[in-house]
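Chains as they are written, first to last, in our numbering: chain D, 68 to 334; chain S, 7 to 328.
Simulated from the structure, these hints should not be mistaken for lab results.
Everything numeric in this text was worked out from a predicted model, so none of it was measured.
The C-beta atom is built at its ideal place from N, Cα and C for all residues, glycine as well.
Check before you lean on any hint, since a few could be wrong.
As the list claims (entries may be wrong) - Stretches of chain D that chain S covers, calculated by requiring three or more beta carbons in the stretch to come under 8 angstroms of a beta carbon on chain S:
1) 74-83
2) 124-130
3) 158-172
4) 187-196
5) 232-241
6) 270-283
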Amino acid sequence: MKKTIAYIGLFFFAACFLLPFLIMVVGSFRDMQYALLSPSFWFSDELSLSNYTYILDDGIFMRWIFNSVVITVVPVFSQMFFCTVIGYIFAKKQFPGREIYFWTFMAVIMIPQQLLIIPKYIMFANFGWINNYASLIVPEIWGIMGVFLIRQYLQGIPNDFEEAAKIDGATDFQIFMRIIFPLTIPVVATVGTFSFIQNWNDLFQPLIYMTQEEMFPVTVGLASILGKEGHFGIEMAGSTISFIPTFLIFLFFQRYFTEGIQLSGIK
Amino acid sequence: MSQEETKEEEYRTPPEKQPKQPKKSSLKTRMKKHWDKYSLIYIFFVPIMIHFLIFQVFPFAFSFVLTFMDWKIIGDSTFVGFEHWARFFQDDLAHLAIWNTVVFSIYYIIPTMGLGLILALIINSGIRFAGFFKGIFFLPVVTSFVIVAGIWGWMFQGTADGLINMMLGWFGIEQQLFLSDSDQALAVLAGLSILKVSGSTMIYYFAGLQSIPGQLYEAAKIDGANAFRMFWQITFPLLKPIHFYVLIITTISSFQIFDSAFLLTGGGPNNSTTTIVYYLYEQGFTSLNLSYAAVLSYVLFAIVLVISLIQRKFLGKDDNIY
Chain D
68 MKKTIAYIGL FFFAACFLLP FLIMVVGSFR DMQYALLSPS FWFSDELSLS
118 NYTYILDDGI FMRWIFNSVV ITVVPVFSQM FFCTVIGYIF AKKQFPGREI
168 YFWTFMAVIM IPQQLLIIPK YIMFANFGWI NNYASLIVPE IWGIMGVFLI
218 RQYLQGIPND FEEAAKIDGA TDFQIFMRII FPLTIPVVAT VGTFSFIQNW
268 NDLFQPLIYM TQEEMFPVTV GLASILGKEG HFGIEMAGST ISFIPTFLIF
318 LFFQRYFTEG IQLSGIK
Chain S
7 MSQEETKEEE YRTPPEKQPK QPKKSSLKTR MKKHWDKYSL IYIFFVPIMI
57 HFLIFQVFPF AFSFVLTFMD WKIIGDSTFV GFEHWARFFQ DDLAHLAIWN
107 TVVFSIYYII PTMGLGLILA LIINSGIRFA GFFKGIFFLP VVTSFVIVAG
157 IWGWMFQGTA DGLINMMLGW FGIEQQLFLS DSDQALAVLA GLSILKVSGS
207 TMIYYFAGLQ SIPGQLYEAA KIDGANAFRM FWQITFPLLK PIHFYVLIIT
257 TISSFQIFDS AFLLTGGGPN NSTTTIVYYL YEQGFTSLNL SYAAVLSYVL
307 FAIVLVISLI QRKFLGKDDN IY
């Protein structure tokens, strides 16, 4: 009885959650001038690739995808590296003012990003970083949340390994690369997947720092065609393409997303 | 190996015990020792700290200065004192934006928590393929707002062709305007956020449910409690730390809502979906009134800070469990 209710609920909610994605994929294969809801939307057996060919021929869309890749890949890898080093330093190294620095980080995390964007816009305008990848890459090369996750994880690992390595005469850098880094791979993967989602999906920052169409990442690009008459199929095709990397990463790293969400709850 | 050992020995001998060595060499040894101990900090921590000062601390302080200036992108900026702050207290649209955001939170917070809890209960009830379904519910969380909003806007078209209008028609409910109706638009946006975020509340609740000891339910069963009573008397109260934590994070995120208002309604109709962040965006980057936008961003900060402080006060050390 209890199980039956659970299954009914499960299928009901699963259908609700999947419906938008179904609409996206089906819509991307429908050649529609307007988003008319005739039964042909669902049941037409004519698979139209016109939306995809339009996107691929257009050029600008592939440029948006390329921009998104640039502003995502660099921060993902640099965050994985820097957050691990800094997290390790906070977890295992003794130095004056360590706790003060850490709690400053934790306080700053409460500042809404929207507050920092206005002064950053002025700064970047002076740096010549408007319509430049630097404005979306340089500030994101590390992140407080990632440092926090790594520190949290490393604090739970005994110091024995490091001490043994130290006695064997390993330098700090060797200890970090050979012992700490391999140990932290699961959390590093979490930091990487979080960073991917954050940068790939970010709308607010590129909306402000990127004003030329050819510098838009795919989020801002899709936003610029959103709701235009007759563009529904194209928009859905674009959404589908930009969703593929997210979906693949999600498929392979799902565990790290959910673990990361839980870890970030530990304070 | 033996060579290394002697080297090690050298480092360990404090300089005082080698009186014959010239002072310069001892300084070198000390510096070497210092470097060995702090090299990672000099190479990585110091540059990251500088980065932190440039991209986080400085903008925070600079933004505060901005609120007292009339900042012009081109031309001279002038000091205007409290002019922008005074404007905020008389700006009806700013007050409306705060009110809209509060209304949005009311639409959004409880359903997001409730749906997250229901999903977690379903996943945790011993069904098959739990991991697979967990993935489905979590999928919107990782999907870009732009994608989900595009589909949502299509589903909620205010014409007879809209999918939701068609479904309402099956139940004999007349056609709704949805995003074009100033009474409904905010609720439709909240619906989108609920769909997008409840997957992550589910994860918190799922972790909470798994930490409840099974004996409690067995004991309750022996006492003849039904599933309904067990939920309200065991599960729900024991999830208290999770309720509180999820409440805080959903509240904070609801005050920062921007994407859906920007993508689907542009703040309209009739300013009914102008939220704090949307108004900030419009003032700062459409009207190019950066100083006033900075004031609004400090108002947002104050609200978020108060919520966070409440969390500190009430949660204290309680949330160590999770």
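Non-conforming hints, listed in increasing numerical order: 2
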